[in-house]
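Residue numbers (our numbering), protein chains in the order written: chain A, 1 to 283; chain B, 1 to 283; chain C, 1 to 283; chain D, 1 to 283.
It is worth saying that the hints were derived from the structure and are not from the lab. One or more hints might be untrue.
The list makes no distinction among identical chains, and a pair is therefore deemed to hold if it is satisfied within one copy or across any two copies.
Straight line, CA to CA, 27 Å or less: simulated DSS-like cross-link-like pairs of lysine-lysine [to be verified]:
1) K148 to K203
2) K279 to K88
3) K203 to K111
4) K111 to K279
Bear in mind that the values here come from a model prediction, so they are computed numbers and not experimental data.
Single-letter residue listing:
Number of protein chains: 4
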Amino acid sequence: MEPVYRLTISCPDRVGIVAKVGQFFSGHGGWIVEANHYSDPVSGHFFMRHCIRVNSLPFGLEELKAQFAPIAEEFGMDWQVNDSGAPKKVILMASKESHCLVDLLHRWHSKELHCDIPCVISNHDTLRSLVEWHGIPFFHVPVDPANKAEHFARVNAIVEEHKADTIVLARYMQIIPPELCSRYHGQVINIHHSFLPSFVGAKPYHQAAERGVKLIGATCHYVTPELDAGPIIDQDVIRISHNDTVDDMVRLGKDVEKMVLARGVRSHLEDRVLLHGNKTIVF
Amino acid sequence: MEPVYRLTISCPDRVGIVAKVGQFFSGHGGWIVEANHYSDPVSGHFFMRHCIRVNSLPFGLEELKAQFAPIAEEFGMDWQVNDSGAPKKVILMASKESHCLVDLLHRWHSKELHCDIPCVISNHDTLRSLVEWHGIPFFHVPVDPANKAEHFARVNAIVEEHKADTIVLARYMQIIPPELCSRYHGQVINIHHSFLPSFVGAKPYHQAAERGVKLIGATCHYVTPELDAGPIIDQDVIRISHNDTVDDMVRLGKDVEKMVLARGVRSHLEDRVLLHGNKTIVF
Amino acid sequence: MEPVYRLTISCPDRVGIVAKVGQFFSGHGGWIVEANHYSDPVSGHFFMRHCIRVNSLPFGLEELKAQFAPIAEEFGMDWQVNDSGAPKKVILMASKESHCLVDLLHRWHSKELHCDIPCVISNHDTLRSLVEWHGIPFFHVPVDPANKAEHFARVNAIVEEHKADTIVLARYMQIIPPELCSRYHGQVINIHHSFLPSFVGAKPYHQAAERGVKLIGATCHYVTPELDAGPIIDQDVIRISHNDTVDDMVRLGKDVEKMVLARGVRSHLEDRVLLHGNKTIVF
Amino acid sequence: MEPVYRLTISCPDRVGIVAKVGQFFSGHGGWIVEANHYSDPVSGHFFMRHCIRVNSLPFGLEELKAQFAPIAEEFGMDWQVNDSGAPKKVILMASKESHCLVDLLHRWHSKELHCDIPCVISNHDTLRSLVEWHGIPFFHVPVDPANKAEHFARVNAIVEEHKADTIVLARYMQIIPPELCSRYHGQVINIHHSFLPSFVGAKPYHQAAERGVKLIGATCHYVTPELDAGPIIDQDVIRISHNDTVDDMVRLGKDVEKMVLARGVRSHLEDRVLLHGNKTIVF
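The task is simple: from the sequences and hints, build the whole structure.
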C-alpha cells in the first residue's frame, strides 16, 4: 500500500471548507485517494478525513503541518495529520482470557493490522508463552485489591517508557482509574461483552441470561472515567436461543468480542474514528 | 397444510417423559410430524412441543384431551393442545403509525399468518380506511389522560365480545393497565422499538441517538405490568452509523419492528412459545 | 427536508477534481450538506456525489447546469444534476404476488419513498383493488406466449405516455425484451429472488433447496439484455435450515426480497447509484 | 460437561419410531438431555439425534449397541452412537494461509473444540513453528504438479497411521483426489471462500469482484469428488461495498471463513450433522 497522509478535521460547518482544503492540496499537486465528509445537522459541526498520497506532495509531514496551520486557524479546526507509514504504538493489556489477545496478535503477525506492539501487559502470567512466541515482550504486573495504585503506576510507567499512543484492553477486566482515563483520553480502547448500554459492569452474560434476551453482543468503546459509558466505536450481536446456557453465551460471545474489537482497533489505527462529545464519527 | 394437533408441555424433568408421550401417540397410531424438546439444566424443567396429524388419530380433540389427562397428571405437566385447523382470534391494536399494522394485515390477507382478525382497535381514526379495505371492522376508541379507565373498559369489552385469545399491540403506544395485563397473561404481544433492556419507555430512538449506539433494534415481548419488562419472544437489530439522524433511525427501525413483530406473532400463533417465568422457550 | 441539488460525477481520476468542484460551489456560496467520493484503484476512475442546498445558490437548476458545463468538459465528466424537490416518476410492474408491491406502495403512501407513481402495470388483474385504494391508476396488460410483442408495445406506450424515468419490476416475472432494456438502460430495476449469481432464472428457491444451501437471498439489480446479469444495486440473505421446505423459503424469502428492493429503489431515487460498466457505486 | 452417548438415526418415517426409541431408553433408566427430530416431507425420511447421560444407563457403549441393534434393524435405521467422552481424532491440513489454522488451534487449545489433533499436514513449511508451539506434530509434505499421486499417498499414510476419523482442510488449496474423497466420505471437511454455488473453483474473490456482488461469503462442506459441490454444513456472508478491493475482500473474507469453518467443525464433532444425499441435516 502506497503511504498516505491522513488528515482528520472537525470544525463548525460553513460554506467553503471543502473548497479551501481541496484547493490547498490540489495547489501542491496533492492526490486525494480517499475522502469522507459528515455534516452533523444537529450540532452544526463538520467532520472530514482525507488521505493524500505522500509522494504527490512536494514536502514532508512537518512542512505540510506548517503550511496547513493557517487554514486550520481560519476555520477553527481541531485537526490531526498522520503518516500511514508511521504505525501507531499499541500496548495490549489482557488478563487470563486469550481469545481477544490471540486474535489481535494474529492479525498483527499476518500484517492485517498495521501497528507496532511494543509489549503486552497482564495481571496474570498465563499468556506469557503465547505473547513471547510472537517476539513481543510480556510484562506480568499482578494486581490485588490492596495494591491497585501501585499496579496502575507500574502500568503507566510501562506505557510511558514505550511511548505508546494507544492502549487496547483485550479483556483486561480491571477498572482503569480516572486519572489514567483522562491522561489517555481517546487512546484507550476497551471491549465490553454486552450490547451497551445494556448490562453494564460485571457478568453481562449472566445478566443477559437473567433477562432472557434473544441476541447477545459486544461493544468496542473508548474508556472514560464512567464505567462502560465511553464513546462507542463499534458493536455487533449474535443470535442465541433458550437453548444456550451462560457457558454457551460466553463461548458464542467470544467470537463477537474479538471481531468487534479488531474492527474498532483497525478503525482507530487508520484514523477513521473522530470524537464528538461522547459519540464517534467512524469514516 | 394438513391439520395437526399441537401439544405443548412443561413439567419437572425426569426419566420417561418422552417415552410415555411417544407411546401414547404411537399406541393410537398418531403420526408425529414435528417434535421439539428442551431440558433446562438450570431449573431442571422440561419443555416439549409435538405436532400430530389429526387424521392419524382415531379420536377428536376433546377425546384426545381426556385420554392424555392422566399422563399429564402423572408427570405434573402444564399442558395445552390445540388444533392447527382452528385459528386463534387476534385483535390488533394500533395508533397512527401504520407500518406494523399494514405488515400484519398483508401477511394475514396473503394467508401467510393463519389467524382470524375479528377487529382492529385504535385510539385514532387515521387507519380506518386501510383496515376496512381488508374487510375487517375498525373500532375507534379515543383516549386522553382523563378517560383512560373508560378507554380500557371499552377495549376490554370489545376483546371479550369478540372472544379474542390474543391481542397484538402493533405500535399502540399506550400503557396497558396492570389488571388487563394480568387478565390476558401470555396473550398480549407488544413490539418495543429498542433492543431491550436498553431504552425502556418513551422515545427509544432519541435515547439511542443520545448514547451513540451503532445498532438499533426492536423487541417483541409479552406484556406484563412492569413496563417493557415482559418475557421476550424475539429481537433483532439493524446497523446504523453516525450519519443516521433520529429520523433515519425511525425509518430504519420500522423495518426491524415489523419483521420482529411478525415473527413473534407467527411463533405465538403456531404455539411455539412456552413461558418459563419471565423467559420464553421458542421452538 | 430542505431541497438540495444532487450532483453525480464520474470521470478519469486526476489531481484537482475535488478542489475545482468545491471551488465552483463555494464561489457561489453553495452549502454542501453531503459529499461522497470514490477513486477506483483498478480502473483509475473517480466517482462523486454532492448534495448542495438549493437555497444557498444564487441560481436555479438550468443556470447551474450551464455554469457547471465547462468544468465537466475540462475533466471529461459523465455527470447529472437533479433537484431533490422534483421527485422521479416511477412505474411499478407486478404480476400476482403482492408482497413487493404492497411494500413499495406503503413506503410511498407513508412518505418514506419520495417519488411519483403515475401508475401500476400488471399482466394480471389480481392487484387492481389494492393499487386503486392508494389512488393510483392500474393498467391490466395481459400477456401470453403468443402476444409478447404486443404486450411490451403496450407497456412501452404507457411508460412513454406517463414520462416515467424509472420502472420497478416488483416481482413482474416476465423477461423484458432486449430493446426495452437498452432504451431504459439504468432505469429498470428488478428484484431477483436469489443471491445472484447463484440460481439465475426460474424457480430459484427450488434450485436452492436442491443444492441444500443454508442461506437464501435476494438481489436488486438493473435490468440488462442478459437475464439476471445486470449491475447489482443491493443484496441480502436470510438463514434457513434443513427444516425449511421450498414453501418456507418462498415465505422467508419474501421478507428479504421486499427489503432489498426497497433499499435499492431508495438508493436509485436519491441518485446514490452510479453505474460503472456492469458494477455499481452506491453512495 | 457430563459425558453422554450421542445417538443419530436416519430411516424411513413411520408411526412409532420416537416411542420405540424413547421406551428403549426409559426402560433402562436412560436420561435424555437433548433430543432432535426431523421428518422430511419430501423424501419421507426421518432423522433423529438423542443425547443420553452415560451414567444413567446400566451398561457401556458396546452393550448399548448390542441392545439397540434389533430396534435399528426393525426400522431399517442408518445409525451411529458415540461417547462424547471419546473425542474424535482430527487431522488439520493447511497451506500457507494461517487464519483458519490459528483459529482452530486456538479453539482446541482453549478447550472450546473437543477433539484430539494428532497432527497437522501442510504442503508448505511456513506454519511449522505455530503448530509446534501448540505441542502438535507438523508434517511437511510438499506437492507439485508432477508428484501429486505421491503426495496424496503420503497424506493417506499419515491419516491411517494416526487413525484419524476426520480431516479438516483449513484452506489447504489442493484438490483432493476422488479415491480419497470416497474413502473418507462424510469425514473430510473443507472451507470454500465463496457463498456456494457461486464462484466455484479458483480465486472466488476475484470472481466476486468481477460480478460486483454486495456480499461475500464462505461455505463449509464435506468434500466429494465433484469440486466444491459436496453437502453444505454451514455458510455465512459479510457485506462489502464498491469501496472494497479484492485485497479487502480477502481480508474481510478471512473472518467469515474461520467462523464458518469453526461452526461446521464443531457441529461435526458433536455428531450434529446427518447426511441425506447431497444435503445435510444439522441439529
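Checked hints:
no., hint, verdict
1, K148 to K203, "within (21 Å within a copy, 41 Å between copies)"
2, K279 to K88, "within (22 Å within a copy, 36 Å between copies)"
3, K203 to K111, "between (33 Å within a copy, 21 Å between copies)"
4, K111 to K279, "neither (29 Å within a copy, 30 Å between copies)"
Hint 4 from the earlier list is the only one contradicted by this structure; the remaining hints agree with it.
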